[in-house]
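Make the full structure from the sequences, and use the hints.
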Amino acid sequence: MHDIRLIRDNPAAFDAGLARRGLEPLSAAILDEDARWRSVSTSLQEGLARRNEASKAIGAAMGKGDSATAEALKAEVAALKTRLPELEAEEKALAEAIRDRLAAIPNLPAPDVPEGADESGNVEAHHWGEPRSFNFAAQDHADFGPALGLDFEAAAAISGARFAALRGQMARLHRAIAQFMLDQQTGTNDYEEVNPPLLVRDDAVFGTGQLPKFAEDLFRTTTGHWLIPTAEVSLTNLVREQILPESALPLRFTALTPCFRSEAGAAGRDTRGFIRQHQFEKVELVSICTPDQAADEHAHMVASAQAILEALGLPYRRMLLCTGDMGFSAAKTFDLEVWLPSQGVYREISSISTCGDFQARRMNTRYRPEGEKGTRFVHTLNGSGLAVGRTLVAVLENYQNADGSVTVPDVLVPYMGGLTELTPR
RNA sequence: GGAGAGGUGGCUGAGUGGUCGAAAGCACCGCACUCGAAAUGCGGCGUGCCGGCAACGGUACCGUGGGUUCGAAUCCCACCCUCUCCGCCA
1 MHDIRLIRDN PAAFDAGLAR RGLEPLSAAI LDEDARWRSV STSLQEGLAR RNEASKAIGA
61 AMGKGDSATA EALKAEVAAL KTRLPELEAE EKALAEAIRD RLAAIPNLPA PDVPEGADES
121 GNVEAHHWGE PRSFNFAAQD HADFGPALGL DFEAAAAISG ARFAALRGQM ARLHRAIAQF
181 MLDQQTGTND YEEVNPPLLV RDDAVFGTGQ LPKFAEDLFR TTTGHWLIPT AEVSLTNLVR
241 EQILPESALP LRFTALTPCF RSEAGAAGRD TRGFIRQHQF EKVELVSICT PDQAADEHAH
301 MVASAQAILE ALGLPYRRML LCTGDMGFSA AKTFDLEVWL PSQGVYREIS SISTCGDFQA
361 RRMNTRYRPE GEKGTRFVHT LNGSGLAVGR TLVAVLENYQ NADGSVTVPD VLVPYMGGLT
421 ELTPR
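Using this note's numbering, you'd call the opening residue of the first sequence number 1 and step up by one each time.
A few of these clues could be false.
Unchecked claim - List time: in silico DMTMM-like cross-link candidates among lysine to aspartate or glutamate, alpha-carbon distance up to 25 Å:
{"no.": "1", "residue 1": "K81", "residue 2": "D66"}
{"no.": "2", "residue 1": "K92", "residue 2": "E33"}
{"no.": "3", "residue 1": "K81", "residue 2": "E71"}
{"no.": "4", "residue 1": "K56", "residue 2": "E46"}
{"no.": "5", "residue 1": "K213", "residue 2": "D32"}
{"no.": "6", "residue 1": "K92", "residue 2": "D217"}
{"no.": "7", "residue 1": "K92", "residue 2": "E241"}
{"no.": "8", "residue 1": "K213", "residue 2": "D66"}
These are calculated hints, taken from the structure and not from any lab test.
Quick look at the structure:
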């Protein structure tokens, strides 16, 4: 949610930011509506002031037993009452229209975000590890996975396309990856573990920015709840409508949760394999902090996610997303992309964004700066640390052997009860 | 799911339809007293929006949204949430 005052103060800068996102200028239309709202609002307030004044006088007159004056004043206020409801309705409609308009505008990119129309404009910022050279043709996990317990057919019979069942060693490896990640994030990386609600209300999803524009990407229950598409929703909204003491910041949260995405519009993309599912698990990282802390928190979050890939020995690169590839709420995003040998490409496995006060405004989350009076909006950041399903895919493909077995990465062996290899049946 | 009770400022907690944005206490801030501190005394102490350079003025907010009224924290309706008891249940 944008601050209308910033748009009033510097409409050109606002439109320039939109232009970097590839959007038409909107400030003129917004400010026009804003001017009308202020005019109506002022008239309304003047009317209310007159009404309040007269009502007080009526009270005073009645207190003195002067019913003649009271009745005269009542008649006067009654006349006002025909106009006030109209003004009220008009004011409300305009305020709502402005809010709806602002709520649908994405965050503006940070100054150091490169301009670009789509993912081809992203810039590599860092890479780690060398893709392993295979002495056989690296296979696709969708091909050798089923013999190791990755069951697409049974899941399709139960739930349809884009679902999978993990069985035996495969289920164990998936769990091992998730537990390892969660232990790292809660331990060395200092995030507080949270087990949050997976079903959430409109307000929460609005707060992080998935609503109102992206309802079709979400699942909704018959009770009106939404299934979270990412724990970012639950974790960030943990502080919604709160005023936090500055000393409490930064707050760092992590959660291992299922995520549910309808994948509307993704028909035909990544239909094979475990890459794009309606349901997947992810270890999410969220930071709630002051504006001054945000850059460091972003760096810490990036490092926390990268550390997982490095511990697992998975080659990756870090991309600075360009303006055209960033999500709705983000001001600046790094994606981590892991090497998938079967496809010979790097695939997104983590996305780490700083959102400025964009989400904080939508959630009304503020803090009290020490030594200042009043409150300011917090900054929020979120990132995957990491997506469990895609990490499973990366481990399978990077650690596959010619005989269809998969070597368990060293750090996961303790989580596998000592099992060092997945063997085909 | 059924029955009941309740949602008021950072917290506790008053509030008769009419100077109630709201008593009081606690907490907090400033000042005084003190060598210093405690105790005590005095003063201050909510948020949003609009106007104003500012001082300040106006307006809204007592769970949320409607309604009644000249006027609603107070009356009416709906919803949300919390607590207690019963039922069901991992």
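Going down the list of hints, with the structure as the test:
no., hint, in the structure
1, K81 / D66, "holds, 23 Å"
2, K92 / E33, "holds, 12 Å"
3, K81 / E71, "holds, 15 Å"
4, K56 / E46, "holds, 15 Å"
5, K213 / D32, "holds, 23 Å"
6, K92 / D217, "violated, 30 Å"
7, K92 / E241, "holds, 22 Å"
8, K213 / D66, "violated, 58 Å"
In this structure, the hints that do not hold are numbers 6 and 8, in rising order.
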